[in-house]
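As a plain string of letters, each chain reads:
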Amino acid sequence: MVCRALALVALLAACARVPQDDALARLRARGTLRWGGDVQGGEPYVFQDPRGGGLIGFEVELADALARRLGVRADFVQNDWQTLLPSLERGDFDVAMNGLEVTPARRARVAFTRPYYAFAETLVTRRDDGRVAGLADLRGRKVGTLDGCLAVDLLRAAPGVEMVLYEGVEEPYMDLERNRIDGVLLDNIIAARYGLPRPTLREAATIGTGVYAIAVRPDQPAVLTAVDGALAAVAADGELRAILARWNLWDDRQVALAATAPLDRDDDARDGLTLAYLPLFLRGAAFTVVISVLAMALAIAGGLVLSVARRYGGRVVQAAAGTYVEVFRGTPVLLQLYVLYYGLAPVLTLDAFTAAVVGLGLNYAAYESELYRAGLEAVPAGQSEAALALGMSRWTTLRRIVLPQAMRVALPGIANDFIALLKDSSLVSVITVVELTKQMTITAVDVRGWLGPGLVCAALYLALSFPLSRLARRLERRLVPAPA
Amino acid sequence: MTVVAVRALATRRGEREVLCGVDLEVARGEVIAIVGPSGSGKTTLLRALNYLTPFTNGVVEVAGRTLRPGMNEKRDAAILRAVRTQVGMVFQSFNLFPHLTALENVMEAPRRVLRLPPTEAGERARRLLGRVGLGELAGAYPERLSGGQQQRVAIARALAMEPVVMLLDEPTSALDPRLKGEVLAVVGDLAAAGQTMIVVTHEIAFARRVAHRVVVLVDGRVVETGTAADVLEQPRVAATRAFLALEGA
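These protein sequence lines are chains F and D, in that order.
Going by the numbering used here, the first sequence opens with residue 1, and the numbers climb by one from there.
Going by the numbering used here, the second sequence opens with residue 1001, and the numbers climb by one from there.
A portion of the hints provided could be inaccurate.
To list a few chain D residues with every Cβ distance to chain F over 10 Å, as calculated [stated by the list, open to error]:
#1 1013
#2 1025
#3 1028
#4 1029
#5 1056
#6 1058
#7 1071
#8 1126
#9 1177
#10 1182
#11 1193
#12 1195
#13 1212
#14 1221
Quick list of simulated restraints, FRET-style, between CB atoms [claimed, not checked]:
#15 F:395 x D:1057: 27 to 33 Å
#16 F:420 x D:1130: 45 to 51 Å
#17 D:1014 x F:381: 16 to 22 Å
None of these hints come from the bench; they were simulated from the model.
Quick reminder that beta carbons are idealized off the backbone N, C-alpha and C, glycines included.
Excised from the complex, chain F in its bound form:
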């Protein structure tokens, strides 16, 4: 048995040491070029054909052209845009191609082919905000962009500009229209398709240029050479130009591209996780705590109202409270946050922080109300009888006699729910709030590694939740109604 286990370990170790150079051979043998991208990035990169029938986009056509030159078929692999590089490194696909801008941070991690597109960073502002002509005019104001893209570096370098990070291309322009932010800095392709068609927005400036290229694992030089060669051929015989022209993407910037060479991994740019990041993490943790505490306060107040309504209200009130609980417990909190922040924006424009607190609070109120209802049911009938027999009103009886006892029963559950809320608060990053988990993903991009930031992040969550779980345990043990 032991021998067999050892043999297995030896075999696995041997497998791990197989050189990656034959990756190209395996790619050809398989007959597919697996390329990673994110459909959520939308038009014109890779997206669902609205008329049905699969994926379309200029990168789809480019992938097909490249595969044809390699004598294989292109095979798209859906992957969240933020994690394209980690997934490439894991081997989920052969290349990543989805508007990946060549940045120092990315070059420190992977190798790039020659570029296939040159873009400019376009600053979009509101029409009625006429005096803005560049980032310098947005000092002390908010500018949105996509998490993990080149504009992040530009915005960091701009003094006094507050950066707001988004996960989709539509949302920043929506928020700009609703005055939640004052500018959006993104690639000209995105600005032209998602920002400038909106009548209230205008192009304020072009800030810097960059290129898209195809990312390849640095330990697979043969794949890099082959794909780069295919791209060079596609560019040389005019097919690339034809593809870009078909998508209205051909412009003067593309002419100079042909001369550029592929880029190997740049080890000098590697950067480690240093103590300098600690204040950022602590700030993220502080945000997590503040959001959680405020949301919990709202959840407790809402839960009280709901539980009392469900136990003592008339039939209509009971049904309304019951429906609330079922809806908020039965749908994902992520969806609720989206609806609250983006869906309701035309009628109720909450800022991100308020939306985060209100969204989590409303959701947790449903859970709290169930907890308190159980607490209310645990208070013996003799308690309210004794209070009523003394001449107390029903309201006084509830407030002074029944609720304090019900809350005591519910206390351990409240502590447990708060721990859950602390972790669920990481979901608010989808509405641009930078809390602890978001800080972790941002840092992971900066230092080109997930393990270190992940461990720091986990340690901070534990430091926050451990005392609470101890408290919950103590409260559970001491469920006798009266304090010692």
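Place chain D on chain F using the hints.
Coordinates of chain D only, in the frame set by chain F:
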């Protein structure tokens, strides 16, 4: 002067009639003992007097107000509160508020219902706790008190509203014999001080010693009523004799 007048009181629980036409008058200063076998409706009668248990027929006049069948906790809250404010109730299982100290238990209703200032409510509570012999334990939570002590706090809590009549529902039946005595002694003191009381009890000896009048309730009917000496020494009805034999009196 009549404090409580019950006429033709009837209640049913589902199909079963619990009380079928009870009449009872209680004068100021009187101590009434209601005795009878288990399930005869004694507790139901007592709880009808402050409408904790609704009744289906008859009338209860108490503390100058009239309770009628079909009253509603929400709609008739004003009348019910007016009655309950003047009718003290002591439960078989004490029902002290576990999250409040003995003193706070006694203070709570004077503070919230009579709106007495805290100092005044506190003084009153301390005096009453002293009266039931618990002056030392004012700061204790109910879980730290024995059953007998809890019931004495409950009596003080009811007295704090200065009720015109006290209803005691088997105040000692949840206590072991060792502790019954201290509660019965307190109730005896109240009787001696002229407090109007209606006591549902199985303590025949106590009823004989303290009650001015004994009401025997069997199967939801008053079968016999009279002075303690008459009813308990020379019962006229067979049902009373059977009950007394069962109680070993």
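Outcome of the hint check:
1. With a minimum CB-CB distance of about 16 Å to chain F, residue 1013 (chain D) clears the 10 Å threshold, and the non-interface call stands.
2. Once the 10 Å rule is applied to beta carbons, residue 1025 (chain D) is consistent with being away from chain F; the minimum gap is 22 Å.
3. At roughly 20 Å, the least C-beta separation between residue 1028 (chain D) and chain F is larger than 10 Å, which holds for a residue marked as non-interface.
4. At roughly 22 Å, the least C-beta separation between residue 1029 (chain D) and chain F is larger than 10 Å, which holds for a residue marked as non-interface.
5. The claim that residue 1056 (chain D) lies off the interface holds: its Cβ sits roughly 20 Å from the closest Cβ of chain F, which is beyond the 10 Å cut-off.
6. Residue placement check: residue 1058 (chain D) keeps its beta carbon more than 10 Å from all beta carbons of chain F (closest about 20 Å).
7. No Cβ of chain F approaches the Cβ of residue 1071 (chain D) within 10 Å, the least distance being about 13 Å, so the stated non-interface status holds.
8. Its beta-carbon lying about 18 Å from the closest one in chain F, residue 1126 (chain D) satisfies the requirement of being farther than 10 Å from that chain.
9. At roughly 23 Å, the least C-beta separation between residue 1177 (chain D) and chain F is larger than 10 Å, which holds for a residue marked as non-interface.
10. For residue 1182 (chain D), the condition that its CB be more than 10 Å from all CB atoms of chain F holds, with the nearest at approximately 21 Å.
11. No beta-carbon of chain F is positioned within 10 Å of the beta-carbon of residue 1193 (chain D); the least distance is around 21 Å.
12. With a minimum CB-CB distance of about 17 Å to chain F, residue 1195 (chain D) clears the 10 Å threshold, and the non-interface call stands.
13. Even its closest Cβ contact with chain F, about 24 Å, leaves residue 1212 (chain D) beyond 10 Å, as expected for a residue assigned away from the interface.
14. The beta carbon of residue 1221 (chain D) sits about 26 Å from the closest Cβ of chain F, which is more than 10 Å, so the claim that it is off the interface holds.
15. Between residue 395 (chain F) and residue 1057 (chain D), the C-beta spacing of about 31 Å keeps the proposed range 27 to 33 Å intact.
16. Taking 45 to 51 Å as the suggested C-beta distance range, the pair residue 420 (chain F) and residue 1130 (chain D) conforms, at roughly 50 Å.
17. One distance hint, 16 to 22 Å for the beta-carbon pair residue 1014 (chain D) and residue 381 (chain F), holds here, with the actual separation near 18 Å.
Hint check: no violations occur; every hint is consistent with the structure.
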